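**Student:** Sequence lines, in order, name chains A, B, C and D.
Offset between the first sequence (1-based) and our numbering: plus 206.
Offset between the second sequence (1-based) and our numbering: plus 206.
Offset between the third sequence (1-based) and our numbering: plus 599.
Offset between the fourth sequence (1-based) and our numbering: plus 599.
Watch out, some of these pointers could steer you wrong.
Below, a list of computed lysine-lysine pairs in the BS3-like style, where the Cα atoms sit at most 27 Å apart [claimed, not checked]: (1) K577(A) - K610(C); (2) K247(A) - K247(B); (3) K610(C) - K733(C); (4) K602(A) - K515(A); (5) K605(B) - K339(A); (6) K617(C) - K577(A); (7) K577(A) - K625(C); (8) K605(A) - K610(C); (9) K706(C) - K737(C); (10) K614(C) - K577(A); (11) K339(B) - K465(A); (12) K577(B) - K733(D); (13) K610(D) - K577(B); (14) K656(C) - K745(C); (15) K605(B) - K617(D); (16) K745(C) - K577(A); (17) K744(C) - K733(C); (18) K610(D) - K605(B); (19) K340(B) - K340(A); (20) K624(D) - K656(D); (21) K614(C) - K605(A); (22) K465(A) - K577(B); (23) K733(D) - K706(D); (24) K617(D) - K601(B); (25) K605(B) - K577(B); (26) K601(A) - K617(C); (27) K625(C) - K656(C); (28) K601(A) - K614(C); (29) K733(C) - K577(A); (30) K465(B) - K350(A); (31) K745(C) - K625(C); (32) K733(C) - K605(C); (33) K617(D) - K602(B).
It should be emphasised that the hints constitute simulated quantities derived from the structure, not laboratory data.
These figures come from a predicted structure and were not determined experimentally.
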Amino acid sequence: MIDPNLIRSHFPIFQHHPDLVYFDNAATTQRPQTTIDAVSKFYSQRNANIHRGLYSLSTDATAGYESGREKVKDFIGADTVQSIAFTKGTTESINVVANSFLGPRLQPGDNVVISAMEHHSNLIPWQQICLQKKAELRVIPVDKSGELGINNIGDFLDSKTRMLAITHISNTLGTINPVERIVEIAHKNQVPVLIDAAQSICLHPINVDTLACNFLVFSSHKMFGPFGVGVLYVHPDHMEDMLPYNYGGGMVTHVDFHKSSFMAYPHNLEAGTSAIAEVFGLSSAIDYLNNIDRLEASDYVHGLAHYFKERLAEVGTAVVVGSPENCAGIVSFLLDDIHPHDVATFLAEENIAIRAGHHCTQPLLEQMGVKATLRASFSIYNTREEIDHMIAVLKKIQKFWA
Amino acid sequence: MIDPNLIRSHFPIFQHHPDLVYFDNAATTQRPQTTIDAVSKFYSQRNANIHRGLYSLSTDATAGYESGREKVKDFIGADTVQSIAFTKGTTESINVVANSFLGPRLQPGDNVVISAMEHHSNLIPWQQICLQKKAELRVIPVDKSGELGINNIGDFLDSKTRMLAITHISNTLGTINPVERIVEIAHKNQVPVLIDAAQSICLHPINVDTLACNFLVFSSHKMFGPFGVGVLYVHPDHMEDMLPYNYGGGMVTHVDFHKSSFMAYPHNLEAGTSAIAEVFGLSSAIDYLNNIDRLEASDYVHGLAHYFKERLAEVGTAVVVGSPENCAGIVSFLLDDIHPHDVATFLAEENIAIRAGHHCTQPLLEQMGVKATLRASFSIYNTREEIDHMIAVLKKIQKFWA
Amino acid sequence: MNDRLKALYQKVIMKHSKQPFHFEKKIPCDHIVVANNPVCGDNYNFYIDADTEKIGKIYFHGFGCAISKASNSVLATLISNQDWRDAYQYCNAFLAYLEHKDGADQKPLDPAFEAFSAVHEFPSRMDCATLGWKEVKKFVETHLKKEDIRQ
Amino acid sequence: MNDRLKALYQKVIMKHSKQPFHFEKKIPCDHIVVANNPVCGDNYNFYIDADTEKIGKIYFHGFGCAISKASNSVLATLISNQDWRDAYQYCNAFLAYLEHKDGADQKPLDPAFEAFSAVHEFPSRMDCATLGWKEVKKFVETHLKKEDIRQ
Ligand SMILES: Cc1ncc(COP(=O)(O)O)c(C=O)c1O
Ligand SMILES: Cc1ncc(COP(=O)(O)O)c(C=O)c1O
Numbered sequence: 207m208i209d210p211n212l213i214r215s216h217f218p219i220f221q222h223h224p225d226l227v228y229f230d231n232a233a234t235t236q237r238p239q240t241t242i243d244a245v246s247k248f249y250s251q252r253n254a255n256i257h258r259g260l261y262s263l264s265t266d267a268t269a270g271y272e273s274g275r276e277k278v279k280d281f282i283g284a285d286t287v288q289s290i291a292f293t294k295g296t297t298e299s300i301n302v303v304a305n306s307f308l309g310p311r312l313q314p315g316d317n318v319v320i321s322a323m324e325h326h327s328n329l330i331p332w333q334q335i336c337l338q339k340k341a342e343l344r345v346i347p348v349d350k351s352g353e354l355g356i357n358n359i360g361d362f363l364d365s366k367t368r369m370l371a372i373t374h375i376s377n378t379l380g381t382i383n384p385v386e387r388i389v390e391i392a393h394k395n396q397v398p399v400l401i402d403a404a405q406s407i408c409l410h411p412i413n414v415d416t417l418a419c420n421f422l423v424f425s426s427h428k429m430f431g432p433f434g435v436g437v438l439y440v441h442p443d444h445m446e447d448m449l450p451y452n453y454g455g456g457m458v459t460h461v462d463f464h465k466s467s468f469m470a471y472p473h474n475l476e477a478g479t480s481a482i483a484e485v486f487g488l489s490s491a492i493d494y495l496n497n498i499d500r501l502e503a504s505d506y507v508h509g510l511a512h513y514f515k516e517r518l519a520e521v522g523t524a525v526v527v528g529s530p531e532n533c534a535g536i537v538s539f540l541l542d543d544i545h546p547h548d549v550a551t552f553l554a555e556e557n558i559a560i561r562a563g564h565h566c567t568q569p570l571l572e573q574m575g576v577k578a579t580l581r582a583s584f585s586i587y588n589t590r591e592e593i594d595h596m597i598a599v600l601k602k603i604q605k606f607w608a
Numbered sequence: 207m208i209d210p211n212l213i214r215s216h217f218p219i220f221q222h223h224p225d226l227v228y229f230d231n232a233a234t235t236q237r238p239q240t241t242i243d244a245v246s247k248f249y250s251q252r253n254a255n256i257h258r259g260l261y262s263l264s265t266d267a268t269a270g271y272e273s274g275r276e277k278v279k280d281f282i283g284a285d286t287v288q289s290i291a292f293t294k295g296t297t298e299s300i301n302v303v304a305n306s307f308l309g310p311r312l313q314p315g316d317n318v319v320i321s322a323m324e325h326h327s328n329l330i331p332w333q334q335i336c337l338q339k340k341a342e343l344r345v346i347p348v349d350k351s352g353e354l355g356i357n358n359i360g361d362f363l364d365s366k367t368r369m370l371a372i373t374h375i376s377n378t379l380g381t382i383n384p385v386e387r388i389v390e391i392a393h394k395n396q397v398p399v400l401i402d403a404a405q406s407i408c409l410h411p412i413n414v415d416t417l418a419c420n421f422l423v424f425s426s427h428k429m430f431g432p433f434g435v436g437v438l439y440v441h442p443d444h445m446e447d448m449l450p451y452n453y454g455g456g457m458v459t460h461v462d463f464h465k466s467s468f469m470a471y472p473h474n475l476e477a478g479t480s481a482i483a484e485v486f487g488l489s490s491a492i493d494y495l496n497n498i499d500r501l502e503a504s505d506y507v508h509g510l511a512h513y514f515k516e517r518l519a520e521v522g523t524a525v526v527v528g529s530p531e532n533c534a535g536i537v538s539f540l541l542d543d544i545h546p547h548d549v550a551t552f553l554a555e556e557n558i559a560i561r562a563g564h565h566c567t568q569p570l571l572e573q574m575g576v577k578a579t580l581r582a583s584f585s586i587y588n589t590r591e592e593i594d595h596m597i598a599v600l601k602k603i604q605k606f607w608a
Numbered sequence: 600m601n602d603r604l605k606a607l608y609q610k611v612i613m614k615h616s617k618q619p620f621h622f623e624k625k626i627p628c629d630h631i632v633v634a635n636n637p638v639c640g641d642n643y644n645f646y647i648d649a650d651t652e653k654i655g656k657i658y659f660h661g662f663g664c665a666i667s668k669a670s671n672s673v674l675a676t677l678i679s680n681q682d683w684r685d686a687y688q689y690c691n692a693f694l695a696y697l698e699h700k701d702g703a704d705q706k707p708l709d710p711a712f713e714a715f716s717a718v719h720e721f722p723s724r725m726d727c728a729t730l731g732w733k734e735v736k737k738f739v740e741t742h743l744k745k746e747d748i749r750q
Numbered sequence: 600m601n602d603r604l605k606a607l608y609q610k611v612i613m614k615h616s617k618q619p620f621h622f623e624k625k626i627p628c629d630h631i632v633v634a635n636n637p638v639c640g641d642n643y644n645f646y647i648d649a650d651t652e653k654i655g656k657i658y659f660h661g662f663g664c665a666i667s668k669a670s671n672s673v674l675a676t677l678i679s680n681q682d683w684r685d686a687y688q689y690c691n692a693f694l695a696y697l698e699h700k701d702g703a704d705q706k707p708l709d710p711a712f713e714a715f716s717a718v719h720e721f722p723s724r725m726d727c728a729t730l731g732w733k734e735v736k737k738f739v740e741t742h743l744k745k746e747d748i749r750q
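For reference, chain A alone in the conformation it holds in the complex (with noise of 0.2 Å):
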């Protein structure tokens, strides 16, 4: 069972703010005390660059650093440490895939197809490699619910299509999408598949394994990790393609002025100092879900979502935006017409953390004829009397608007 109180009590912001409503996670999650400390031990007891060192901070920091790798090879299940490579985050690691996968095989009148719920992270960057390369950009359209048409997706997908790059769960509307069929039904067409899982790696077990998608990327930051890196998983088929992104230390095996040769990915990848400190905190973090029960949790926040939308029903001329069946604990919603920011700043002042704005998706919100939501993203330090407390909120709003 999920006690969100214990779990509150391992996150110092709570301790901090103790009247915080924190329904942000989906821009990020908090912290527990454990990743914080995991970044601050680095830096006090084991800081040293990493890789060429020969004293012992430093092979210490190597081995830290690389352990780490194993540990998110672990986490989702991959079959080879080599496939872990770490970046910036998720938006990195998808420009890094349409770059140096996709860009080298991309010829004029291929196409790539997306889905329209997709990030801004998972869209502009096939966007550009398609014009840049004159090749199309396929979107799978959703529907009023805010799901795609799974039975449909075949039909975007033909003898050009060069990548399916989908999110496994919307940042907006909270969809889940149905990943494990997807990627059977882009097999069946040889397409490879890159699932956005920034939303999904924190509470949702992914097993790449089972997956079988050849790509997989996500963010620290929304996985009570640290800020500034993220994870690239590249399927063994494609390790050899992958070329180079940024050049510079610590991704060559020769240099000379006028050539150079490259280490194996995910070493190619990692080019310059990597940050070191992040993944020690990042490997902390999946220490900590790997503590509790997943599977609970998920259910946990999904309950919360649920539990919000049935409370908003009560709000008068609050509507929810897309209704997918299988939803995550990300709800979009109006209230009356009164604009999102308008009600954020209400909120804000009742020290309620939501969104309020396009969320990055500005095309699918034009799609659901709407051009900004409030968006509640819940984790597992929410409870029910936060969302109760919102519920009072958001009534008092529509009263004064009135």
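Based on these hints, arrange chains B, C and D with the ligands on the given structure of chain A.
**Tutor:** Same frame as chain A, now just chains B, C and D with the ligands:
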């Protein structure tokens, strides 16, 4: 006056390893408690994502992040805060300039000029863009002392030169290049200049306004700040020329499925969630540096290097590699024909942390006629006593090897 | 509702936001000035008639929060039919008032500014209140510069 | 010199590193095996004569630390003139001995391995001691696979 023992007390690594002699500051510096606390305090008390939040945690985080930009601006004497983009580090900053600025204006037959003492990070990005665009990479050689013939630099520049990229301080030889003169010469030839300040930013006051360089790049982790963040300074003349590098959230004005428009520099280069806590840490590191007299500090550190070279003369056949007149706190050397790795292992057993290898400057070492060196690099927490200790150990090693 | 909120969402603002002045896509017109904030999604057009002497009527239309709508409504009320230099002075004064520049918050050039006195306490909402004014100010500035050159 | 160092830089190692066995660019030869560690810069070539039955003489040359040089010198001593399968077994046994695999550190296949028993205590030097063995093992493996296919 620099009091190394006082300074040492600010760096918790030395409480934890009282016997540690840390002479690997060119690889990464240690962090003062204030930097470490700034990061953990951010996570414990102020953590939120920036830019789009309307609640106070987020507006406060945004303000802190942007005041970090302001602090960097003041630290390097930039005219406007718009000049400062946050990147992953020096390596990424250089790759950005090579691709987002230089790439589109580099024609077949054009050339780019670097020096022979560049770190791989300030070499390979230029080499690769030149290979791709059929342009020429010209290399200003170093002489036996490890200096550039400053009087000949003009000879390398012509009307086809599109960039001069040069390091302020050599990370291998310690050479301090006369960057003011170099910028002058380049500008007389209408050539823009990128200065790699990775090694100088910590203790050498730099003013981009008087230096008048076009680009300046450096990493937080080499100036007492966190890993995972660095800086790209772009002169206002070129801000409009900077194309996006990664695409994603936070850098767009309008997005639809088939085309996007982007914000102006620096925001168009900060796609995805930034290293927010790391910027807070970097701000705090700059506060730390602003509280010491950096001219005195660099004098002190150069004095340590000078003292080390003097004492090294006692150690029989030890040789210093390079003897630049103007030398920072970095010394490369060899002990007889004992391989640097063996020496470094012996030193490590006596708690002396130094690097052995090519220091990401393979072509430079080739020019100097060596394959690897030992490198001692000093900072303000180092002392002459530590150097005495190292000299004693070097003598022991020599004896053992004899 | 706490006092801060009451100060921000004053009656005047609520009224302007619910019944904005000259809220209409007025085409044709002499000039269209776009006020667009990509970060929050606010998006307005100002439809401006003007001759060399002075600005005529200003209409506006678009999407944004109550604060931005009220602020643009007040803009349309105050700047319509102003002489170019007066319009410039008004824009400057409004922005200075909101940003507490040089004690400008003490004495508003126009009493209508006072409805926005609390925005300063909500840094995240400053853009909402100032965006339209900034863009219209730029438009007026460009005209004045051309004038200066011509003279 | 502490005991750890004395154990690492034993007399045998110092001797091999100062006077390596078959340290010579032996060209022509049947095969050249490259052992290159980009991280530390170690760079050796093995010059190997061999027929279908067995490996002949192994020479080596290149640049690296005392540990790597001694390790490659021992390799040249032990693997020269071995039958292919024995060579493979030796390489495996040496690597297992150093990596403490399945208690392999208990009983070395060859007493010459013992000089390297302390390397395990210096994780950053493991690559130095194993690089050459790993590359030669790969070379032998490739030969054996071809054999298997042929049979
Ligand atoms: C001169 C110089 N340039 C560039 C770099 C690369 O910096 P980073 O690894 O932080 O990207 C370094 C440090 O390794 C350096 O010393
Ligand atoms: C679904 C999705 N994809 C991608 C991203 C981008 O992640 P980041 O900003 O950490 O690069 C996000 C988060 O904003 C997201 O929710």
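**Student:** Straight-line Cα separation of K465(A) and K577(B) no greater than 27 Å?
**Tutor:** Holds - the C-alpha atoms of K577(B) and K465(A) are around 18 Å apart, at most 27 Å.
**Student:** Can the restraint linking K610(C) and K733(C) be considered satisfied, given a maximum Cα separation of 27 Å?
**Tutor:** With a Cα-Cα distance of about 24 Å, the restraint between K610(C) and K733(C) holds, given a limit of 27 Å.
**Student:** Can you confirm whether the C-alpha distance between K745(C) and K625(C) stays at or below 27 Å?
**Tutor:** 25 Å, holds
**Student:** Check whether the Cα positions of K610(D) and K605(B) lie no farther apart than 27 Å.
**Tutor:** Satisfied, since the Cα-Cα distance of roughly 14 Å is no more than 27 Å.
**Student:** Holds or violated: K614(C) with K605(A), Cα cutoff 27 Å?
**Tutor:** Given that 27 Å is the threshold and the Cα spacing comes to 15 Å, the pair holds.
**Student:** Checking one constraint from the list: CA of K733(D) to CA of K706(D), max 27 Å. Satisfied?
**Tutor:** The hint holds at about 20 Å.
**Student:** Checking one constraint from the list: CA of K733(C) to CA of K577(A), max 27 Å. Satisfied?
**Tutor:** Distance ~23 Å between K733(C) and K577(A) Cα, so the pair holds.
**Student:** Would the pair K577(B) and K733(D) pass a check requiring their Cα atoms to be no farther apart than 27 Å?
**Tutor:** Distance of about 23 Å is within 27 Å: holds.
**Student:** Quickly compare the C-alpha distance for K624(D) and K656(D) to 27 Å and report which way the hint goes.
**Tutor:** Holds. K624(D) to K656(D) sits at ~12 Å (cutoff 27 Å).
**Student:** Please work out if K625(C) and K656(C) have their alpha carbons no farther apart than 27 Å.
**Tutor:** 10 Å, holds
**Student:** Take a quick look at whether K614(C) and K577(A) sit within 27 Å of each other, Cα to Cα.
**Tutor:** Satisfied, since the Cα-Cα distance of roughly 23 Å is no more than 27 Å.
**Student:** Is the Cα-Cα distance between K605(B) and K617(D) 27 Å or less?
**Tutor:** Holds, at about 15 Å.
Of the numbered hints stated above, those contradicted by the structure are hints 5, 16, listed in ascending order.
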